[in-house]
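Dock chain B against the given chain A, drawing on the hints supplied.
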Amino acid sequence: MGEACDDDADVARVVGGDLEAFAGIVHRWQRRLVGLAWRFCRDRAAAEDMAQEAFLKAFRSLRAYRGESAFSTWLTAIALNTYRSRLRAEGPALLAIDLLPALAVEPGALRDLQDRERTEAVRRAVLALPPRYRDALVVYYFQERDLKEAAQILGIAEGTLKANLHRGREMLRCRCAEFAPRPGDPVPEGT
Amino acid sequence: MNTEDLDRILSSDDSLEPSAGFAGAVMGGVRRLAAEPAPLPFPWPRFSLGLVACATMAAAGAALVPRAEPILRAVVAPLAAVGPELGWATLAVIVSVGLARLPGVFARP
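Top to bottom, those sequences are chains A and B.
For the first sequence, the working numbering begins at 1 and goes up steadily by one.
For the second sequence, the working numbering begins at 192 and goes up steadily by one.
So that you can see chain A by itself, here it is in the shape it has in the complex (with noise of 0.2 Å):
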């Protein structure tokens, strides 16, 4: 709530033409933002790039900014469609999605390594997803399996949004069948 009346009071000011209170908006959304970029090309400079980009972009929407959604949803999806165009322009990140070579000997450590290097493939695999169900993953896990907001922020319904999850989580499931844990391999702790 409180964030939401700064977001306010900050683009007011903005747009009444001080500039220095877009380092508020900046300030509060940098870490949403730049973790959004992040899981759209897993490269910390790329990210910031992308970031930087998106906040820019906000920055000259600002007077079409109508509070008619969150400040929230907005921002997302001036972010959303930045990182759109800037993959479609440059292509899909060239990411390997082989598992590391394992370096731990202890038992422990090579377990939470195969655990490490199985997240970070699949996460890596959904990225080599097509667009549409690649941002829908993303959108929606980012939003912490919020439905409404994260078709709000795709600009898509809420149908549309599921059934374009229901068919990227089968085609990751496809991708990935063979980072799934084998016979052989320890069991998670906690699971």
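These are calculated hints, taken from the structure and not from any lab test.
Hints are not guaranteed to be accurate.
Pulled a few chain A residues facing chain B out of the computed Cβ check, cut under 7 Å [as the list claims (entries may be wrong)]:
hint: 1; residue: Leu-19
hint: 2; residue: Phe-22
hint: 3; residue: Gln-30
hint: 4; residue: Val-34
hint: 5; residue: Gly-35
hint: 6; residue: Phe-55
hint: 7; residue: Ser-85
hint: 8; residue: Thr-119
hint: 9; residue: Tyr-141
hint: 10; residue: Gln-143
hint: 11; residue: Arg-173
Far from chain B by the CB rule (all over 10 Å, computed), these chain A residues [unchecked claim]:
hint: 12; residue: Cys-5
hint: 13; residue: His-27
hint: 14; residue: Leu-87
hint: 15; residue: Glu-144
hint: 16; residue: Lys-148
We put the CB at the ideal spot given by N, CA and C, even for glycine.
Chain B alone, transformed into the frame defined by chain A:
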């Protein structure tokens, strides 16, 4: 790998902390952007005037050319005697040159 595994992996915290200079870099970009001169507005008055002039010329051409046909026939008659196609081609060239020069006539102070 089942849906629960995918949910667990994709839901797990996977955030990246922005570097220390990130906010400063963004604000630097914002200041640069704000310092740029505003883009030139589209010249709507000139565009509208040009559009009206084009429409007027088209209407005037459509009205005048049929009336001027006897005069034009007289002009191209010697050429038409040589060959009808040559006569009509010459007429087309004359009309085109005339129409092309017309805006220049209007533009003179």
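Here is how each hint holds up against the structure:
1. Leu-19: It holds, given that the least Cβ distance between Leu-19 of chain A and chain B is near 5 Å, below 7 Å.
2. Phe-22: 5 Å, holds
3. Gln-30: 5 Å, holds
4. Val-34: Holds - the Cβ of Val-34 of chain A comes within 7 Å of chain B, reaching about 5 Å at its closest.
5. Gly-35: At about 4 Å, which falls below the 7 Å cut-off, the nearest Cβ of chain B leaves the hint on Gly-35 of chain A intact, so it holds.
6. Phe-55: Because about 5 Å separates Phe-55 of chain A from the closest Cβ in chain B, which is inside the 7 Å limit, the hint holds.
7. Ser-85: 17 Å, violated
8. Thr-119: Since chain B brings a Cβ to about 5 Å from Thr-119 of chain A, closer than 7 Å, the hint holds.
9. Tyr-141: 4 Å, holds
10. Gln-143: 11 Å, violated
11. Arg-173: 6 Å, holds
12. Cys-5: Holds, since 21 Å exceeds 10 Å.
13. His-27: It is violated; His-27 of chain A is separated from chain B by about 6 Å at its closest Cβ, not greater than 10 Å.
14. Leu-87: 17 Å, holds
15. Glu-144: 7 Å, violated
16. Lys-148: Label holds. Min Cβ-Cβ 17 Å, cutoff 10 Å.
Violated hints, listed in ascending order, are 7, 10, 13 and 15; each of the other numbered hints is respected by the structure.
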